[in-house]
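J.: Chains as they are written, first to last, in the working numbering: chain A, -12 to 267; chain B, 7 to 470.
Derived from the structure by calculation, the hints contain no laboratory data.
Predicted model, so just to flag it, every value in this text is computed and none were measured.
Check before you lean on any hint, since a few could be wrong.
Said to hold, decoys possible - Distance condition first, Cα-Cα at most 27 Å in a straight line; then the derived DSSO-like pairs of lysine-lysine:
id, chain 1, residue 1, chain 2, residue 2
1, A, Lys105, A, Lys181
2, A, Lys14, B, Lys408
3, A, Lys221, B, Lys415
4, B, Lys14, B, Lys107
5, A, Lys105, A, Lys193
6, A, Lys14, A, Lys221
7, A, Lys181, A, Lys138
8, A, Lys14, A, Lys(-6)
9, A, Lys105, A, Lys14
10, B, Lys274, B, Lys336
11, B, Lys288, A, Lys257
12, A, Lys151, A, Lys87
13, A, Lys221, B, Lys408
14, A, Lys13, B, Lys408
15, A, Lys14, B, Lys149
16, A, Lys(-10), B, Lys274
17, A, Lys16, B, Lys408
18, A, Lys(-10), A, Lys257
19, A, Lys14, B, Lys415
20, A, Lys105, A, Lys13
21, B, Lys14, B, Lys114
22, B, Lys336, B, Lys197
23, A, Lys138, A, Lys105
24, B, Lys336, B, Lys288
25, B, Lys274, A, Lys257
26, B, Lys288, B, Lys274
27, B, Lys149, A, Lys13
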Amino acid sequence: MYKIVRKDILNATVTRMDILAPLVAKKAKAGQFIILRVDESGERIPLTIADYNRAAGTVSIIFQTVGATTEQLARRHVGDYVMDFVGPLGCATRIEGLKKVAIIGGGVGCAIAYPVAKALHEQGAEVHTIAGFRNKDLCILEQEFAAVSDKFCVMTDDGSCGEKGLVTDALRSLITSGEQYDEVIAIGPLIMMKFVAALTKEYGIKTVVSMNSIMIDGTGMCGGCRLTVGGEVKFACVDGPEFDGHLVDFDEAMQRNAMYREQEHHAHEKTCRLFREGVR
Amino acid sequence: MPNLSMIKTPMSTQEPCVRRQNFDEVAMGYTPEQAMQEAQRCLRCANKPCTGGCPVGVDIPTFIARIAQGEFEDAYQVISRANSLPAVCGRVCPQETQCEKRCVRGLKGEPVAIGRLERFAADWHNAHTKPDMVEKPAKNGHKVAVVGSGPAGLACAGDLVRKGYDVTLYEGLHLAGGVLVYGIPEFRLPKSVVQREIDTLQAMGVCVQTNTVIGKTLSVDELLQENGFEAVFIGSGAGLPRFMGIPGENLNGVYSANEFLTRINLMKAYQPDSATPIYRAKHVVVVGGGNVAMDAARCAMRLGAESVSIVYRRSEAELPARAEEIEHAKEEGICLRTLANPVEIVADDHYGVAGVRCVEMMLGEPDASGRRRPVEKPDSVFVLDADCVIMAIGTAPNSLIKSTTDGLKIQSWGGIQADQQGATSRAGVYAGGDAVTGSATVILAMGAGKTAAAAMDAYIMEKQ
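Here chain B stands alone, though its shape is the one from the complex (with noise of 0.2 Å):
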């Protein structure tokens, strides 16, 4: 008999006066018992809508009848065949804008909570089972690098030491992970839950190299001639971060979300005996209105600021972050300033941040990208105070691996140029991710990473 609630069951969370004190997850997941519960809501649709708004298009209506029959393993085994990481797709995946979007159920009340029963399927492998009790594929003799490890970079390692490849995982950092470990923080995606996959992709035999940067510590050049890899994936990621270039942008107090987000995820700066400082503020100001963003301003919550608040220059309605992310951060009590935009970081005597001087925004006709372009409104100047700004807006690509790999195809805005199927301008190496497309999400990098992953193989096995 179908479940016919017309709402999602819902998903225990920390209350929001308590989170807002801790890093611990926020979200505690699905119990068994509302897991079959929520499972028996789907309608198991034959043309299968959902998969088709999946980038990785996984086979979203059988595993979720397994978990409908009790079947947990049986699930996860039906996720894994198409999503090498199924237990960070269920955490932070924007399901309402795709596989959610296009669930039937949701056309009246809410869809089929495809992310939170991935996450249980997920998680109930991950408590079931040790890494070490992956099968080991058969090798095939031949070597592929993947360069950075991140979503992106993990998608095509998974999917290519599960063709028999001796796969190279190269990680800049000291810590394998990518923005999954620097950038999204434990209370909405814990490390271990990283650290599970990685540790799963190494039981396969996947060999991972941290502290070398591909660009500076190897070349890709060198990958390809001196080294032995028949083929290279990149998915470096985003980049630098940008700034606004307003007076005070270099005031001390003013971070960039990826410089904030790092002393407290990777370094642990929220931890008090960490060896990395942060600048615990009173009142903090977080510029842009993506995920990240949202991330920047609950983790300055939970180090103890008073007041956070959140300026964005478009309405409520544009914020590309997920739903959820908006409406946590707001359960939390961060403040959001839509329709605005900072023209000046004001400095105190000590060459710290006193405020933000603001104006208002208004929308007026459609841009490029179809939303609605924000204009200033005259004369309507406002200052926020605050001792510590965060400025979220974006990246800027870098330079390292494509000024020291010839040949190396560049588009006008500075991103590695790519096909399709993930190919660049030169044979043999292979691009995916924020590398390519500019800042996105994991799941789209993922799908990069899985795309390339099987271009790739073709490419090896023609050429023998």
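Looking at chain A on its own, in the form it has when it is part of the complex (with noise of 0.2 Å):
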């Protein structure tokens, strides 16, 4: 049993939890993942490490409820435990030797750039990140990105806050004005990682995506998270999760995401109502 120690509600549906794993503390690295289980009968969900404090013993997860394993969990308190909680899984990411980097954040996907921000600005690389949202009320982690960012700006696709735009119209403003990075870390919905790909492989800009796909052990058992990167089988959580943005399939990896996606709403539906007639 692991127990949450610290809550912050960012938005209305994206909840930080800080969780007492110090095992995983000791070890975890931006860009790896962990997985959890909310209770016994829970199933097994994948979430990047978003921080972690090693001296605390606590690993930081953002989790935006999308379904009935994220809704229990975002009903949880601090003091309350989840049931299984394994980790660092996969690679960390790649930082070494970068000096000027742009990170394409998109909505709750900020929460795992942020970390490799962060790291990025603490040796000493020039980091310019692009956080996109649908709108004001889902804005998550400006003022921290803002502290390790030599520039930030928000989209919103509404324009209530930030620009109104996608994160590939700022990122084509700012290569074409002459930024020169050495690479693109961009991590948030498949669709954005895709688009984000096609843009910087017209000017040839070396880029990073994070692959958050369906997986049951996270150590290789499976072969649920595979995807195909190169024209070659990769598995998500033993040789990624971060992949050449330019390589992924990501067609196809869209709908491998959507395999049980009636399923899925189908649970996440009952969930809400059992929590409404207060079951749960």
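Starting from the two chains in their separate frames, assemble the complex, guided by the hints.
T.: Listed below in structure tokens is the structure:
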């Protein structure tokens, strides 16, 4: 059992939690993920590590309420426990030697992009961050990003915060204004990463994306998280989760992530109903 | 008076038309009367050929004699001296190629039903005792770690705790048991049987640490250098599922057998209220011919498929699965498409599976494995309708431990290098089971775990 020691509501659907898991905190690095199970009958879900505190033995996760499991998790409080919490899994983000990087975060993906931006900033790299959200109410981590970025802009679909438009619009204008990046790191919805990668390919800028595939064990055993990268089958859990964005078959990845959409939708509705009725 | 019947005392099973709709155990085990009757078929050969066929050397004629006398608990004690998981082995061992193959009664008629008798003795013991009634061995003051809680790890931990070691058993998943809980289905090996074995180990003093991936959460070097373990056994299992490399393998509806079985067994996706989803298909094609393929096919049938076919590239005689599993699968209506090989998984309009394009095969000259090599028949393409495909064609090594353990030597195909005693290239580090041999059987992994336990004991005692 793993104790929830801090909980912050970042916006209506996004929650941050610090979980007491000293062995995971001791090894965690930006870019890696954990798998958790809320209770005895729960499913195993992967969540990328948003931050960690080795001294306190805590690992931070930031998640959006999108299905039954995240709904259930969001309703836990400080002092409650989650049943299982295993990690750190996957490979860490490789940031050695990078001097100038554009970080693109989309929605809750910003939670994962932030520790990467922070680590780059701490190693003295010039960091330009573009964070995209649907609207003002969904914006998260603006101050945190601002503190570690040399340039920071927010894009919203409706212009209610920052500028109106897509993250790719902002990235294109930075590139065309003459900014030269060693690398672009894009973390967010698959569709966003697909278009960021398409844009940077035009300019020949190396681009790393973080794939949040459906998986069970997270150690290579099930193969559910497989995706095609450069024509080869890779497992997101052990070969990733980060891959060369120019080589990932995003269309396939989007189809695969939608495999259980209908069942997930039913499960979410059912969970919400049970909460409303006070059963859980 | 010995029982001279030429055939095994039948064991009752659920009717095929009933069991294909549930996940309850298929074979129901012997009653005491049936067990005593079958035990009397044993001729008590002085040279014990059956024991020679057992990878862990169970004293088979002796335990069978105890059953014949009605001394069931004694029978269990005889088995458990050599085998720490008898209730498991009685159910999943390929007896027909091991102990029962060497049984003299098998020369004329059927061999003694050694597996069924082993299961009977173990089930009797489990029904009449509790895990906490087990005697706690006196501690010898030495600490060892066992990585992986599948059959190799459980056997190794069992032997070491009995010798007095302070044993910590590490498991990456949230539940101990390895392939016994995520892979082998409930109807063949009830999870309560596995849990009972683990409860017994815990009652003897084994500390089980789930949610700990060695190679990630902790490294083998940390176990040895920072956590005070004097020796480590690696029984981390087979690794990554293989795919064929044919078009369409990443379509939705194509599973590795590992994923399909894990969703069903470990995550209980067959239960209507399970939080873990699974695709409930109408027409399922399973590729492969081992026990895993049989398990996947029979699970698919139980999830409500209208048709389930097993596609295997050699002929029925070469199927590597246990004879009983093949028999049970056929009885349940699973169609065997032998001498066939998939060449493409055909997509529907929604990124799902529409069918499997196959070619017919024929058997040519024997290959390196001694089996006749399947070769493609020209112009023999045909398509099987399917909306789900399960790949059960073996595994490739996992690099989590080898890539994080300094100086651990690897075999050419990627498995961990270990000698006959399980010793690896690193002093104090032992390995066994599928991590060393590639996909094999529960009992071979257990044998390797036991051998390594003896070697670890010798290593630590010598060091003193």
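J.: Confirm or reject each hint.
T.: For each hint, the structure was consulted:
no., hint, in the structure
1, A:Lys105 x A:Lys181, "holds, 24 Å"
2, A:Lys14 x B:Lys408, "holds, 18 Å"
3, A:Lys221 x B:Lys415, "holds, 24 Å"
4, B:Lys14 x B:Lys107, "holds, 14 Å"
5, A:Lys105 x A:Lys193, "holds, 20 Å"
6, A:Lys14 x A:Lys221, "holds, 24 Å"
7, A:Lys181 x A:Lys138, "holds, 23 Å"
8, A:Lys14 x A:Lys(-6), "holds, 22 Å"
9, A:Lys105 x A:Lys14, "holds, 18 Å"
10, B:Lys274 x B:Lys336, "holds, 24 Å"
11, B:Lys288 x A:Lys257, "holds, 25 Å"
12, A:Lys151 x A:Lys87, "holds, 25 Å"
13, A:Lys221 x B:Lys408, "holds, 19 Å"
14, A:Lys13 x B:Lys408, "holds, 21 Å"
15, A:Lys14 x B:Lys149, "holds, 24 Å"
16, A:Lys(-10) x B:Lys274, "holds, 25 Å"
17, A:Lys16 x B:Lys408, "holds, 20 Å"
18, A:Lys(-10) x A:Lys257, "holds, 26 Å"
19, A:Lys14 x B:Lys415, "holds, 24 Å"
20, A:Lys105 x A:Lys13, "holds, 18 Å"
21, B:Lys14 x B:Lys114, "holds, 12 Å"
22, B:Lys336 x B:Lys197, "holds, 24 Å"
23, A:Lys138 x A:Lys105, "holds, 13 Å"
24, B:Lys336 x B:Lys288, "holds, 18 Å"
25, B:Lys274 x A:Lys257, "holds, 18 Å"
26, B:Lys288 x B:Lys274, "holds, 20 Å"
27, B:Lys149 x A:Lys13, "holds, 23 Å"
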